[in-house]
Amino acid sequence: MSADLILSTILSPIVLFFVLGLGAALLRSQMSVPEAFAKGLAIYLMMAIGLKGGVEMSKTALTPEILLIALAALLLSFLGPFLAYSLLRMTSKMSRIDAAATAGHYGSISIVTFVAATQALELAGVVTSGYMVAMAALMEVPAIMSALWLASRGLQKSGEVAGSEKGELFREVFLNASVVVLVGALAIGWITGERGMEKISPFFVIPFQGVLCLFLLDMGLNAGRGLRQGWRQLDLGALSFGVIMPLMSAVITTVICWGMGLSVGDAALLITLAASASYIAVPAAMRLALPKAQPSIYLTLSLGVTFPFNLTLGIPLYIMLAQWVGG
Amino acid sequence: MHQKKRLEIIIEKPALKRACRVLEEAGVKGYTVFPAMAGFGNSMRWQRGTDLSASRDMVMIISILDAAVVTKATEDLENLMGAHIAVLSLSDVQVLRAEKF
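Chains as they are written, first to last, in my numbering: chain A, 1 to 327; chain R, 1001 to 1101.
Fair warning: there could be bad hints in the mix.
[Unchecked claim] Distance condition first, Cα-Cα at most 27 Å in a straight line; then the derived DSS-like pairs of lysine-lysine:
id	chain 1	residue 1	chain 2	residue 2
1	R	Lys1100	A	Lys166
2	R	Lys1100	R	Lys1017
3	R	Lys1100	R	Lys1072
4	R	Lys1029	A	Lys292
5	R	Lys1029	R	Lys1072
6	A	Lys292	R	Lys1017
7	A	Lys166	R	Lys1029
8	A	Lys39	R	Lys1100
9	R	Lys1029	R	Lys1017
10	R	Lys1029	R	Lys1005
11	A	Lys166	R	Lys1005
12	R	Lys1005	A	Lys39
13	R	Lys1029	R	Lys1100
Because the hints were derived from the structure by calculation, they are not lab data. All values derive from a computational prediction rather than experimental measurement.
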């Protein structure tokens, strides 16, 4: 790993715009990106990355190697919360329910971190496979199941919350905006292929980098404000978990990538996915499934600590790990 | 003028549908939902739109209703307030058209 790659990642426009937003929020700037516009940007980015992945998938057949990576991705998401939960209970004073809810975020993934890693790899001239977007989609959900199981252990069943409806959690978990848009765009890209993409590339390919900069400026503002408002809720053990957990996940996934003989690009993306933490799909599901868990704890950790760490230092490190073991 | 109750619930956005179901099942004739911009509670400030999941956003539900409907919904509202981040208040109001509420 050359210092060049670290520098080019950290000094890329997307990371610098993120740092600008983070710094502005920490310094209490009143700057903001309109809420509806930011949500539109998120949908645009998920559509663009899904379409791109789908088009790449349309060019390759489903091989046993891809199925093996999918299995590894599912297992990483499913088992990640168990490691996170144990670590949190050992290092922090977090309650069982807060630890379980937080653990769920760390088994799931951050699609923005994934996009940033894809950009860093493109910048470094490293090739990645389109089907890795499908792995990202696969890793969104299993962690939520593990977190719910961890939270329910040893607790008396408290009965349903008034106003609950059958299937509301299922809808939140499987039909939330990020899963619908990402999987939907992936399928559309796969069906329409290269010819379909040619028609929409002026909207989804050329402006992608600029939109990502704008989006990351907003993410920086959100991360900074989340950290400023919520850091008092976290003890030192919990704060350090936000950095230690992604590193531990990265090391474990590196070994798995080595075992599967993944290419450098695909290994770097799988490591990044495993090391990232959700802040879109999982928090909303947790508010319904585990309302007693405190959102200020898990959102501050995933959005205020882990996301900035991954975006600045984590991604170059994960690429380095992938370069060591990648085939 | 007619005497009615004004129910005001400030609740986390993910639980909005649950609150609406409780009110509808109790037989309220109407309610209005407002987005909350920012606030302070549990020793920390919060602000709308600071995370994409919107799971920290709060909303306010206002309903003018009959005292009998409030009594009917009390148990469910207590259960809901106990599970979610929420505040409920009830006050006396006077309305012009009693049949609307």
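Evaluation of the provided hints:
no.	hint	verdict
1	Lys1100/R with Lys166/A	violated (31 Å)
2	Lys1100/R with Lys1017/R	holds (23 Å)
3	Lys1100/R with Lys1072/R	holds (18 Å)
4	Lys1029/R with Lys292/A	violated (30 Å)
5	Lys1029/R with Lys1072/R	holds (14 Å)
6	Lys292/A with Lys1017/R	holds (17 Å)
7	Lys166/A with Lys1029/R	holds (24 Å)
8	Lys39/A with Lys1100/R	violated (37 Å)
9	Lys1029/R with Lys1017/R	holds (16 Å)
10	Lys1029/R with Lys1005/R	holds (13 Å)
11	Lys166/A with Lys1005/R	violated (31 Å)
12	Lys1005/R with Lys39/A	violated (37 Å)
13	Lys1029/R with Lys1100/R	holds (7 Å)
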